[in-house]
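Whenever a hint applies, use it, and build me the whole structure from the sequences.
Chains as they are written, first to last, in our numbering: chain Y, 1 to 216; chain B, 1 to 68.
Fair warning: there could be bad hints in the mix.
[As the list claims (entries may be wrong)] If you want the footprint, here are the derived chain Y segments under chain B, 3+ residues with CB under 8 Å:
no., region
1, 66-76
2, 119-125
3, 156-167
4, 180-186
[Unchecked claim] Where chain Y lies over chain B, by a calculated footprint (3+ residues, C-beta under 8 Å):
no., region
5, 12-20
6, 28-37
[Unchecked claim] Here are the computed distance ranges between Cβ atoms for each label pair:
no., chain 1, residue 1, chain 2, residue 2, range
7, B, Met13, Y, Gly147, 24 to 34 Å
8, Y, Lys162, B, Ile17, 22 to 32 Å
9, B, Gly54, Y, Trp56, 32 to 42 Å
10, Y, Trp103, B, Met13, 19 to 29 Å
11, B, Trp65, Y, Gly147, 46 to 56 Å
12, B, Thr62, Y, Gly127, 18 to 28 Å
13, Y, Ala78, B, Met13, 16 to 26 Å
14, B, Ile17, Y, Thr94, 34 to 44 Å
15, B, Phe57, Y, Val116, 35 to 45 Å
I should point out that these hints are in silico values taken from the structure, not numbers from a laboratory.
Think of the CB as a built atom: it goes at the ideal place given N, C-alpha and C, for glycine as much as any other residue.
Take a look at the letters that make up each chain.
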Amino acid sequence: MSDTTLKQASKKALPPMKSSPASTAETVQIDLRQPALAALLAWLVPGLGHFYQRRWAKGALFCVCILGTYIFGVVLGAGKVVHTGGTSQLVRGTLFSQAVQRWTFVPQACVGVPAVISLVQHVRVSGGGQPLFGGWFAPPRSIAELGSNEQNGDELSYWNEKLNSRYDIGMLFTMVAGLLNVLVIYDAYAGPVIAEEAKDEEEDGKAGKENDKQGG
Amino acid sequence: MMLLGASVLANQMWYAIPLVVAVSLVYGATRHEWMGPILSHAWRTCFWMLTFIGSIFILLFTLNWLWG
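Structure (structure tokens):
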């Protein structure tokens with residue numbers, strides 16, 4: 001184990017977890033291995049960083065919960081809910097207004113693999129090419145880009161009309177999954193955040209013991 | 001009561017349940033390392049969130065029923 005890793009590991013020694021009697025007086029030493037690499041892996045696929053750190057149970061939990069939520073959202077939205085917001089033909093205006101129109105991609109991009117696929121699709125479609133993977137994760141196109149009158153309005157309007165509330169719910173699921181992965185990336189990088197209540201209880205306990213000593 | 005039952009059954013709020021469970025488990029897992037404390041924390045978070053959402057739902061439903 002390298003010095004850096006040792007330092008990180010000792011930093012992660014948790015106080016006794018008083019929320020559960022079984023874990024009283026239990027301290028945890030975690031070998032975070034290479035935290036930056038673990039964080040990168042956690043970003044790419046939720047749970048992968050924890051598998052790399054051999055934290056199997058938490059890795060499996062993150063994988064099932066976050067990836068499950070993300071995939072459920074994508075399937076609910078028929079693969080149309082994760083995208084970069086549209087090509088420059090569809091999303092116009094100042095840089096700020098373009099960023100506002102693309103804001104949903106920010107939390108979604110906290111899960112790496114679909115974000116990378118979305119960016120590849122964006123580059124491909126913006127260059128005039130056809131989207132890959134049956135159009136999954138591809139940005140919506142404008143009427144001009146579609147080049148036909150087979151549907152009214154741009155592709156984003158068509159998806160909203162066709163999928164109805166499933167589009168919004170799918171979008172919500174993928175965004176929440178992405179935001180949850182931020183917590184997971186932090187956990188892979190720096191270990192679990194110590195619960196405030198456990199910290200407070202421990203401090204109260206120490207103060208109580210000191211008072212007893214002084215009183216006795 | 002029938003209206004409340006029909007409203008609950010047909011409501012899109014059912015989609016919130018898997019979301020709440022996933023959020024609770026992930027949140028708990030980022031605060032503890034072992035499964036015991038994680039599940040205990042997740043259960044408390046899940047219960048609190050569902051109670052909160054349910055309370056808001058019942059409040060809005062009641063207001064709607066009174067003025068609807």
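Each hint, compared with the structure:
no.	hint	in the structure
1	66-76	holds (count 4)
2	119-125	violated (count 0)
3	156-167	violated (count 1)
4	180-186	holds (count 4)
5	12-20	holds (count 4)
6	28-37	holds (count 9)
7	Met13(B) to Gly147(Y): 24 to 34 Å	41 Å, violated
8	Lys162(Y) to Ile17(B): 22 to 32 Å	26 Å, holds
9	Gly54(B) to Trp56(Y): 32 to 42 Å	35 Å, holds
10	Trp103(Y) to Met13(B): 19 to 29 Å	25 Å, holds
11	Trp65(B) to Gly147(Y): 46 to 56 Å	51 Å, holds
12	Thr62(B) to Gly127(Y): 18 to 28 Å	55 Å, violated
13	Ala78(Y) to Met13(B): 16 to 26 Å	22 Å, holds
14	Ile17(B) to Thr94(Y): 34 to 44 Å	41 Å, holds
15	Phe57(B) to Val116(Y): 35 to 45 Å	39 Å, holds
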